[in-house]
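Below, each chain spelled out in residue letters.
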Amino acid sequence: MWTFVARRILALPALLLVVSFLTYFLMWVSPGDYYSKFAEDPTVNKEMIEKLRAEAGLDRGLPDGWAVWVANAVQGSLGDSLETRRPVAGLVLERLGSTLLLSVAALAIAWGAAIPLGVLAAVKRGKWLDHGCGLVAYVGLSIPSVFFAMLMILLAAHTGWFPVGDMRNVGEWERMGLGGRLLDLAHHLVLPAFVLGTISMAGYMRQMRGNMLECLSQDYVRTARAKGLAPASVVGKHALRPAINPIITLFGFSLAHLLNGSFLVEIVMNWPGMARLVVTAIFQEDQPVVMASVLMATTLLVLGNLIADVLLGLADPRIRLQ
Amino acid sequence: MPTIGRDGLAACLLVAAVVASCGSRGGGAAGGPQAAGPTGGSAANDATPATAGKAGGTERAASAADRLFDSVPERWTAVEDGRPVPVHPKVRDVTGDHGGTATFATAGDLGSVHPLKPEGATAQNIRSLVWDSLTTYDNARWEQIPNLARGWESTPDGLVWTFHLREGVKWSDGEEFDADDVIFTFEQLFHPDFVASTKNSFEDSQKRLPKVEKVDRLTVRFILQEIDAIFVAHVGFAPIMPQHVFQADADAKRFSEVGKDKTPEALKRLVGTGAFRLTDHKTEEVIVFERNPLHWRYGVDGKRLPYLDRIVFFVVPSQDTQFLKFLSGDFDVLEPLRPEDYEKARQHEATKGFTVFPLGPSLDTNYLCFNQNPGKSPDGKPYVEPWKLDYFRRSEFRRAVSHGIDRQKIVDLLLEGRGRPGYDYTPEGNRTWHKPDTPKFPFDKTRARTLLDAMGLVDRDGDGVRETPDGHPFQFEIVTNTENDTRKKVANMIKSDLRDLGLDALNREMSFKTLVPLLQSQFAWEAVILGWASGVPPDPLSGKNILLSQGELHMWYPQQKSPSTPWEAEVDRVMGEVSRTVDLPARVGLFRRVLDILGEQQPMIFTFNANLYVGARNRFRNLKPTLLRPHTYWNHYELAIAR
Amino acid sequence: MNDACEGRSPWAMMWRRLRRNRVALAGAAILGVLYALAFFAGFFAPYHYDHQFRDTPLAPPHLLGGVHFRDAEGVFHWRPFVYGRSLIRTHDEHGEVILRRVEDPHRRHPIRLFVRGDEWRLLGLIRTRVHLFGVDPTPNGAAPTGPEGSPDPPGVIYLLGSDLYGRDIFSRLCYGGLVSLTVGLVGIAISMSLGLLLGGIAGYFGGRVDFALMRIIEVIMAVPGIYLILTLRAAFPRSLSSIATYFLVVIILAFIAWASNARVIRGMVLSLREQDYVAAARALGISHLGIIVRHILPNTLSYVIVTATLYVPYYILGEVALSFLGVGIQEPEASWGLMLRDAQHATRLVDNPHLVMPGLLVFVAVLAFNFLGDGLRDAADPRSVLKAKTTE
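Protein chains in written order, with the working numbering: chain A, 1 to 322; chain B, 323 to 965; chain C, 966 to 1357.
These are computed hints drawn from the structure, not numbers from a lab.
Hints are supplied without guarantee of correctness; some may be wrong.
[Stated by the list, open to error] In silico SDA-like cross-links for lysine to any residue, where the CA-CA straight-line distance does not exceed 20 Å: (1) B/582 - B/516; (2) A/124 - A/238; (3) B/666 - C/1313; (4) B/703 - B/843; (5) B/575 - A/53; (6) B/757 - B/894; (7) B/666 - C/1318; (8) B/604 - A/177; (9) B/767 - C/1020; (10) B/536 - B/476; (11) B/590 - B/615; (12) B/492 - B/505; (13) B/590 - A/174; (14) B/666 - A/160; (15) A/51 - B/572; (16) B/533 - B/545; (17) B/767 - C/1118; (18) B/762 - B/716; (19) B/604 - A/85; (20) B/529 - B/549; (21) B/533 - B/516; (22) B/674 - A/158; (23) B/811 - C/1015; (24) B/666 - C/1057; (25) A/51 - B/516; (26) A/237 - A/222; (27) B/666 - C/1025; (28) B/575 - B/505; (29) B/666 - B/651; (30) B/604 - A/176; (31) B/698 - B/839; (32) B/666 - C/1067.
All chains, please: the whole structure from these sequences, using the hints.
What follows is the structure in structure tokens.
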């Protein structure tokens, strides 16, 4: 298995190279560039714009510009954002942190709710609890995140229980102690994490219930029941563990989709994460930011998938990774 | 007046560009800060609109009186004939306590904060917190006032201007401010390698720049080659930068790079004389200013200004979220508060402890413009099909279209009635320059149809679309930029109105960055919906670029070698006089001729003016919201929190 | 298929199982209604999607208590009617304009079936003006007058309320469905054809072709979807004609989706080609194309159908995302995502909750596709029933 992991990791640079080319190409063919908007300003002369373009390396085209980008990237320099004039690496990492915070909180909610609910639904199969969970699952699977997030914003605005968007109270942030900061973060996290958590919980819960049902129908579980073990012990000891194994794989995949999932919710809820950075950067053609974000997202996705595969391998010895 | 000067334009452009990324924010030349209004009108005519607002907090600014503070003449004098005389006091009956934080929201994040070359509307607006210019504009009284210069004088021919600098002003790092800093700033600004819109205000009709020289430690002199009617205002566009900090950058040819780096260490280098220092910036989250303890202004209570310890701007791209957050108390001042949110805001006023200030009709405009450019692209294709151009260039056609637009419906639907149909280049909010009786062509479908019929545009095949005599169905495309929600909605409604008249209008949205080259260099468009945001000062000279036929923003036919119509020639001539005349009433009188021509010819078919509202918590003192930007924090140094 | 035994073919069995799944059938029924509304939008919608009745913006839904039988005087009418609306302009105590839009109980507009209204084209061809329902534009049975002849604004029926321009939301939802719902069908058609073709080729021929295709697929799948969607979108001009925008949206979404389809199909084909009957066909000298088309692809069909159904929501939500971010369908065209964007105006939304209808409709459509898709999967693969049938 370790050779498998090593091979996948070794393949990553090649993959990133191709993805970077693809991104560079798309940015290159897209009409206009970051400096086009300055052309409407009659006070900025053409040479100036050309100079700025040259400084940003936007005049190099393909494949030279891309090659230069790669060369710089290999030396650890991802360039500066054309818009904010900040080094891209810092910018992206900062935003990545915010996004991961939200995603991980959502993940915790999703998994924390999905496993017990899935188990309960399976145990109470056909009862109202099961139907209720089924309904919740379908709703979660089908509700557009934009729509859900908008409803929650309305709720927040209406009740005043939660902040209307944002990640923290930036105005007071510097003066808060650690405890205050954590509380403030948590307060801001509740709604977006709830939205994302509910949406992703649905799938896991269904899966968990399915696995559990399958395990409950296995011979050894029936044997355990026949032996007269307490139902709780049957479920907990005999059925739960094998039922959870396949779920672990799903967990890996959910890691891979950390960035993807929260995208629109971040936009609606003004979460200062990757989504806003990327949308702004793409539409303004802030090329260095776009390149770095796409590559960062790709890396995370690939690593997430890799973890999923490894977990699968660990969980089920019958599967041999190759 | 609703003009956008080059500076204004740059700001607008940048706003729009910023908006681009953020979806439906208003902002920008026409979209943004919506404003407008009506009703009472009293607010618009009051010297300080703030006084018109019902004072929710009893402390709020009631500084109607024009008191002069002769007790502090040293600080507040101009020089005439070499003798100091008092000028309008800068600090009025303002008192307050030190301390407190005021929080605002801004739609766009901070770009480069170079004082002479700010990137983005936010950077443009917050410059004055950190840097002072020689002169500045009092938004409440609509007049240019002394700032770092305590006074100025000019020779009788109006070509040599001497500015006397204030003594004892310190930079925020403790160094002394003097004439060398002023010379340094203007030399850098006028340097051929330095490109910035600020510079253009100083160029005369031959693109020549003034010479600047040091007379003594606290006196500088500018030598012009042509009269500039508002030279004192133009000087106010250039914040003075500290030579001792930035000389090194200039020597290293990195002067343009100042302000790009916004790490906390780099911000420490941004030394200014202003009331605040920019101390922290978190991308797309927050911009923090802290009190400059060495600032030179004092209140009449003898306290050193500013009163506030901190000013914080939260970056909130969506105006919608801004409103919700304001309601939930996340920040103190909402500018602007959209007309459609007015009622909701009033409902929460009492419970949430804020006050809504109606400021009257805003100075910003929105207009429809037809392409009148008869030129051809390099490959010989006319920018506009000749048969269409023929109509676009006829004033009857443009008047018919103006008759066809139901402006009141636009106001009712988009602004909940809180605005008014707009017909003027200088809307009524511009109390200095507005002319009430310009020719107008209001909504009148019958009249519009008659005019179109008379021009031979008749629906010949009964499909609801008029055809020209030679059988072209009259179809054209209205473009606008997708970032500006208001404009898109106006476009949608105008299109529908024109279809009613039998003109088959189509809408097309494009991003600002695509629209700009189309208007400025490709010229192949038919009709466009845009807007002008007002500059400060709201002087028509800041709109030279729009009105002059060789101007780049003469949207309907830019950069003409010589005026293509007699009326454009007349506008050019009158504008020349306006820029050479110093006496304000005389200038206003001259400019009325331009307004009449614009009304008659309708090159820009104006649509509406929104009412401007701002909201602010009641704990403020000295808050004087005005129609001019920035509406609420132009007097940041006086703002105080009531104890 | 053609060699299926009478009544016991896998397809018949699948159908029998599906018929017993009431949830799936309900999903199918809902979808039937939605697609019918979309395809015959011109007929079911009382108005054209861009017909702006500017006197009656933001009207509440008539369906919620707006349809009356008894008028203001208490007189009963057999034909149901809606009231006209009027605008009252007042000022608040600060002198600011306040607009109130209210029902005018003196203007009764009876509802009629098969009325003549805005022109539309049946199946894009036949011009007609007939709509399923509508109301008299003039009140109380007055004779119709010219466009400017009537002092009152025209009566309009707003089953689900009106938007900012006074356009009928129900009509716009019908027309918008044509975009939002067909994005999925067209997209699936493209991505599945590509997936089948390329996945089939890769799986069947293996070797270098397989290697190359798999690497391409890996690259596409390695970039998080929304990032790829936006970057792809940015490569095209923002401003396109409505039809071009529509296809651009479809193609972008399909471009991303085909990769995962192709990968699964490749896997299936890889195992199918080792089957005895394929070897037999090969021995009989049937061409590659013949084998792929006759023997291999039909065996992937159940996967294709199930996946297609479960994938449609991806397209619907993709359209919503693009339009919501302002780079999808543009005004005055209608799509559910674009209409949802209007609801982003929070204060307006609080006062006019009916603006969330498009969001609700997206939700219902996706829910129905999930119902049907799960049902189909269970029916196609009985072994999975236990696993997946979690919610009957």
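Regarding the pair residue 767 of chain B and residue 1020 of chain C, is the alpha-carbon distance no greater than 20 Å? Since the Cα atoms of residue 767 of chain B and residue 1020 of chain C sit roughly 16 Å apart, the hinted pair holds (cutoff 20 Å).
Sort out whether residue 1057 of chain C lies within 20 Å of residue 666 of chain B, counting only the CA atoms. Roughly 12 Å between the alpha carbons, so the hint for residue 666 of chain B and residue 1057 of chain C holds.
Proposed proximity, residue 1025 of chain C with residue 666 of chain B (alpha carbon, max 20 Å): Given that 20 Å is the threshold and the Cα spacing comes to 18 Å, the pair holds.
Please work out if residue 767 of chain B and residue 1118 of chain C have their alpha carbons no farther apart than 20 Å. Within the cut-off at roughly 16 Å; holds.
Between the alpha carbons of residue 698 of chain B and residue 839 of chain B, is the straight-line distance 20 Å or under? 16 Å, holds
Has the given pair, residue 51 of chain A with residue 516 of chain B, been kept, meaning a C-alpha gap of at most 20 Å? This hinted pair holds, its Cα atoms lying about 12 Å apart.
Hey, residue 590 of chain B versus residue 615 of chain B, does the alpha-carbon distance stay inside 20 Å? Holds: residue 590 of chain B and residue 615 of chain B sit about 14 Å apart, inside 20 Å.
Can the restraint linking residue 604 of chain B and residue 177 of chain A be considered satisfied, given a maximum Cα separation of 20 Å? 19 Å, holds
Agreement of residue 533 of chain B and residue 516 of chain B with the hint, judged by alpha carbon distance not exceeding 20 Å: 16 Å, holds
Does the structure keep residue 666 of chain B and residue 1318 of chain C at a Cα separation of 20 Å or less? The hint holds at about 15 Å.
Is residue 529 of chain B within 20 Å of residue 549 of chain B, Cα to Cα? 13 Å, holds
Is residue 762 of chain B close enough to residue 716 of chain B, meaning Cα to Cα at most 20 Å? With Cα atoms ~16 Å apart, residue 762 of chain B and residue 716 of chain B stay inside 20 Å; holds.
Violated hints for the displayed structure: none, as all numbered hints are satisfied.
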